[in-house]
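Dock chain H against chain Z, hints included.
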Amino acid sequence: MAAAVGSEKMELNLTPLLDVVLQLIMFFMMCVNFVMDQVDPNVLLPSSVSARELPPKTDVQVIVINMEVVREDILGPDGKPLRDPTTGRVQRKPIIPRTTKVSILTYRQRSEGRISEEERRNLDPKVVFLVENATDEDLKKVTEYLKAIRYLPEDNDQRPEADKVRVLPEGNGIAAAQRFLANIARAIEATDPKKVTKLGDRRTIDVPVILRADTDALYGTVTHLIAQCNYEGFKKVDLRATIQQQKPGGG
Amino acid sequence: MARRTRASGEEMTFDSTAVFITPFLDMAFQILTFFVFTYNPTALEGQFTIALAAGESGGEQSKPVSDPKVAPVETRVKPSVSVIARSRQDGKLESLEIVHGSGGRIVIKPPASAESDVPPEYFLDELHKRLVELKKEYTTEDRIVLRCSLRMPWGLCMKIMDACRRYEVDGKREDLFPNVELDLLHN
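Taken in sequence, the protein lines are chains Z and H. Per our numbering, residue 1 is the first one in the first sequence, and the count goes up by one each step. Per our numbering, residue 1 is the first one in the second sequence, and the count goes up by one each step.
Some hints here could point you the wrong way.
[To be verified] With a cut-off of at most 16 Å between alpha-carbon atoms, the simulated EDC-like pairs for lysine to aspartate or glutamate come out as follows: (1) Z:Lys236 with H:Glu181; (2) H:Lys109 with H:Glu94; (3) Z:Lys93 with H:Asp90; (4) H:Lys109 with H:Glu121; (5) Z:Lys195 with Z:Asp206; (6) Z:Lys235 with H:Glu181; (7) Z:Lys236 with Z:Asp206.
Derived from the structure by calculation, the hints contain no laboratory data.
Excised from the complex, chain Z in its bound form:
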C-alpha cells in the first residue's frame, strides 16, 4: 500500500509486521499437537510427578491400550450443560453404571512369513465396553447411550460376530480383552518370531504395552488388564500420565 503526498511516496514498512507474523507461525507450528490415531484424546489421564518425558519416537512396535471412562454432561437446572467458570469447558461426570471403553491397538507389521487372513485381522484395533455390576437392563441402557453418542457404530448389530463392538459386564469384558491380547500375541509370533522368547510353556514378547488409563477408571480393572498383558507375555507395561510439576502429596 502506498500513498503519494506531493511528489514523495509514502510506503508502509512491512518488515517488522512480517517478522512478527512469521515468528507467530513458527511458534504455533512448534506447539501444534497432532492427535495420533493410537491415542484416544478423550482419556482423562491422571497427573503424576513420577512420569518422565516420552522417549523419542522410533519404529519400535508397541501395543496401546486406551481405557476411557464414558462420561456425560452435567446439566444445570435449565437443562443446559454446566460450564466451568474458569475454563469455560462443559463439566462432565462418569455415567452410571460406570462404563469403561477399552481399545487395544497395535501397529501392523510387515510379515516375514506367510500369515493367514485371520492372524492379520487379529492386529486390527479392538474395542470392548466394560460395564460395572451390570444387569441386563443396565446393558441395554448403556448400549442405547453409547449409540446416541456414536461410540457404537450404527451397523454394529449387522456386523459379523468377529467385528462387533461388545458391551459386556466387567468380568466378561476383561476376559474378552484377554482374548484380544492372546490373538495379538499369536499374530506377533507369526509375523515377527524374533520378538518372542519361549521358556517352557511361558513366553516373553519383546513388545512394550502403553497403558493410557483414565483417572476415574477403577484400580481393580487397570491391574487386571496389566495382569492379562503379563500373562500373555507382554512383560513391559508403561503407564501414561500427564507430567505434574508439584510436590507429591501436595494435591
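Chain H only, in chain Z's frame:
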C-alpha cells in the same frame, strides 16, 4: 527490471527490483489464523514402567483372582515395605497402612476430631512423612508393594504411588522408593 505485458506486448518498466509480498502475506495470515483457532494446549504426557507384585506379601495376603487365566506374574523376594490403601464403596480413601521390616505397622486414619470426609491430601501427606522417616533404614533398590482396594479410582492410586516414589529436598526431587509394584486388595 522490465516485463512484457501479455495483452499488448508492450514493455513495462519498474523503478527498482520489487518482490510481490501481498500473496505471501495473505498466505501467512491464513496459516496464522488456522493455528490461532486450532491451538489447544494440552498437558504434557509422560510415562513410567510399572510391574505387578507376585501373590506373596509382607502384609495382607491377596486372594487369588477369580479368572484362572489371570496368573500371578513371577515369584520375587519379599517386599521391603508394603502400603495398603483401603477405600470405601464410593472410592474415597478410608485408611492407609504401612507394613515394614519384621512386623512393623503404621496405620494412618482420619483424626478423631474429623467430622466430615478427610481429603486424600491428608493421608498422602502423612504417608509421605512416614515413608521419608522409614527411608533411613532402606535403600532406593528396596521394593515397595502398593495394595489398593479394587474400587479405588486410578488417579488416587497414582497419587499414592507418587508419594511412595519421590520426595523433595531443598526443592530438588530425590528418589524415595522408586520400585513400586502393584497388587490387589480384596476388601
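> Which hints from the list above does the structure break, by number from lowest to highest?
Replying inline: Result: no hint breaks.
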